[in-house]
Structure formats: structure tokens, C-alpha cells
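Asks: Using the hints provided, position chain B relative to the given structure of chain A.
Chains A and B, in that order, are what the protein sequence lines are. With the working numbering, letter number 71 in the first sequence gets 71, and the count goes up by one each step, no holes. With the working numbering, letter number 52 in the second sequence gets 52, and the count goes up by one each step, no holes.
Be careful, since some hints might not be right.
Unchecked claim - Computed list of lysine to aspartate or glutamate pairs in EDC-like fashion (alpha-carbon distance at most 16 Å, straight line): (1) B:Lys34 - B:Glu62; (2) A:Lys190 - B:Asp152; (3) A:Lys190 - B:Asp55.
No lab work stands behind these hints: they were computed from the structure.
Each chain, written out:
Protein chains: 2
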Amino acid sequence: MTITDTTPALPNGVNVEALLGAREAFKGDTSLTKFTWRARNEWVNGTHSRTTIEDFYGVGGEQSHNAPQVHDADHPAIFAAEDNGSTPVEFVLHALAACLTGGVASVAANRGIKLNSVTSVIEGDMDLQGILGMDREVRNGYQGVRVSFEIDADATPEEIEGLVQQSQKRSAVDDILTGNVPVEIGVAAK
Amino acid sequence: MTITDTTPALPNGVNVEALLGAREAFKGDTSLTKFTWRARNEWVNGTHSRTTIEDFYGVGGEQSHNAPQVHDADHPAIFAAEDNGSTPVEFVLHALAACLTGGVASVAANRGIKLNSVTSVIEGDMDLQGILGMDREVRNGYQGVRVSFEIDADATPEEIEGLVQQSQKRSAVDDILTGNVPVEIGVAAK
Chain A
1 MTITDTTPAL
11 PNGVNVEALL
21 GAREAFKGDT
31 SLTKFTWRAR
41 NEWVNGTHSR
51 TTIEDFYGVG
61 GEQSHNAPQV
71 HDADHPAIFA
81 AEDNGSTPVE
91 FVLHALAACL
101 TGGVASVAAN
111 RGIKLNSVTS
121 VIEGDMDLQG
131 ILGMDREVRN
141 GYQGVRVSFE
151 IDADATPEEI
161 EGLVQQSQKR
171 SAVDDILTGN
181 VPVEIGVAAK
Chain B
1 MTITDTTPAL
11 PNGVNVEALL
21 GAREAFKGDT
31 SLTKFTWRAR
41 NEWVNGTHSR
51 TTIEDFYGVG
61 GEQSHNAPQV
71 HDADHPAIFA
81 AEDNGSTPVE
91 FVLHALAACL
101 TGGVASVAAN
111 RGIKLNSVTS
121 VIEGDMDLQG
131 ILGMDREVRN
141 GYQGVRVSFE
151 IDADATPEEI
161 EGLVQQSQKR
171 SAVDDILTGN
181 VPVEIGVAAK
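Isolated chain A, as found in the complex (with noise of 0.2 Å):
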């Protein structure tokens, strides 16, 4: 059974209905719109860690993923690691793109285009001379992302263009990346 056979109403897959119909019942009630995601991380060894995602809070109560998803992250062997996952900024240009493609997939959908094929490339510049402590006006993270979207839909350019700037303006992730976001960290000793 395919997927087309599963989900014949569902345009490139999208419950557009149930997404609308989420918004409205949230405008009666806002305390169901506060979300708090969570992962839990455990060391390896080395730069090895793996984390756990399953459970989250929102729409008023804990609620659950299908299923845990384990996450490994390291080094690359060229760092004089194990290289036993992606690294930790790859998995920022991962969230990135899955966020903007999965944001790309619903405004199609509530615009009524039909997507055959959404591929993109991602690629975040870093300079080590910031983590290596080599030069202090270098940063750490990404001085610049790009992402170079290829997009096959019954639609014209301007209004596949359309849908990645929708996508976009609506995004987490993107938010994430061109925002501040403040980080409190504690530590307790065992």
C-alpha cells in the first residue's frame, strides 16, 4: 500500500484541514499554544555523545513521540575523533533544512500546488580559529548559512519562490539561526 493510497484527500501529504482547524481552536485558548521540546544527552567517550528524544510538553500536558529517536553525535577523524556521527553543527544545517522544507511542504499544500520533488543543499562557513581559541574576533559558530533549494512543482517560478519565502518567514529553525536565543546552563556534581 502506498502512501498516495493511505492518504488520497492529504495534498503533498499535509493535513492542511487539521493544521487550520488547530488554529482555531488555539485562538480560545493560548495556554495550548506554549510548547517546551526536550532531548536528553548522554557522553560516550571523547567527543561521542548520544541523545534521546521522545517526550514534549504542549497543547496543555506531556505529550509523546511515536517512538524514541536516538541521535549519536562526534568529531570527525580529522578533529583526531572517532567520527561516530555527524557533528553538532551538521545537525544545525539538518534542522535547518528539514524546517524549511517541511514548511515548504504545508505552504504548497494550503496553496493548492502540488510538489513532485524538494531537494536542498546546505552549507554553514566556520572559521576554527574561534572554537581553538586561536583569535578572539573570530566566533564560534556559522559566519554565514546558505541553503540552495531545487524544487520540481505543478507551479510557476515565481510562485515556487514563493513558497520557500513563506516557508521561511515562518520557521523556527530560521528564527533560531538569525535571532538571539538566550541559553541558561546549570550543572549539578554528582
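Replies: Quick look at chain B alone, frame taken from chain A:
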């Protein structure tokens, strides 16, 4: 064979000597410190997309991970999606946790502190009124992120706290979140 057997000389499994050596080598040619990290994403269906991470540029040329890593992202069932993976914003929390934890291990190794265990819970607060376009005053991304470490190490509580402080000071992902990263998006219609 345990990890301890294979790397008897590496404190916390971190090759501090190699890292310090690289820093010295980079001083002679800072073109080697310019990195470009890369991710390739493909839309699957609905808000489900898949990223492959394999190659990157650094130390003056194209590099590859030992193996390509594939990461699925999706929205949860509560958003009328199929929950085929962690959400993009959860991957941001994973990236921050992994970056800080790898840093803690590296700093501890450099300071001669033996780690026994490092765990953390990372939470990010988000108000869906942003991404749903319900309130222009509400941002799309995280309003704040909290990291709670629990660390068991052969060190005093002050020394343990110092590990986390130094890790945060040199963290690429902490910098990406707390500072602004320019994001440039291009679209080619196929």
C-alpha cells in the same frame, strides 16, 4: 575489547595532544582553519524529510566522514503529521547538548580531570502562535533554552562547573543560538 584497552593514553577518550598539535600547525597557515559543513536534504512526504551528511570542506580540501549519516525529521502526530522522526527544533537541542558535552570532555581531558559520567536534559520553550501566524509579537523559534548537566568526575564541584563554563565559551552551537547567523536562501525551479 573495551575502549580503554584501545586508547589507554587518551584521557576521557579525547586526543588532546593531536588537537593542541593541530592548533600549532594552523597558526602557520590559517587558510586551513576555514571549514564549510554541508548537509543534503530531500523531501519525502508531508513534513517528513531526510538529510544525508557525508562530505565537508576543511584543512584546505574536501573531506569525508567515515560513513554517510542519514537523519529523518518530521512533525509529531499532534500536528496531524506522521511522526517519522524528531522535529527540526528538537535537533537543535540535540546539537547544543552534543556540542557542550563534547566540549566538557575535551576541556576535562586538557585539565587532567577524569570524567565518569555526563548527562544533560535540554529544554526549549516555544509558543506556536509564532509559527502559526497567530500573533506577530510572538517569535517563531525558541524563547529560551535551558540545559541542566549532571556530571560525575574526579574533581571538585567548582572544577566541574569550570568545565561547563569553558565548554560554553568555546561552543559553536551555543554561539549559533545566542548570536545572529546570516541565512541566505536560493531557489531553482526544476
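Asks: Decide, hint by hint, whether the structure agrees.
Replies: Now for the hints, and whether the structure bears them out:
{"no.": "1", "hint": "B:Lys34 - B:Glu62", "in the structure": "holds, 11 Å"}
{"no.": "2", "hint": "A:Lys190 - B:Asp152", "in the structure": "holds, 5 Å"}
{"no.": "3", "hint": "A:Lys190 - B:Asp55", "in the structure": "violated, 38 Å"}
The structure does not agree with numbered hint 3 stated previously, though it agrees with all others.
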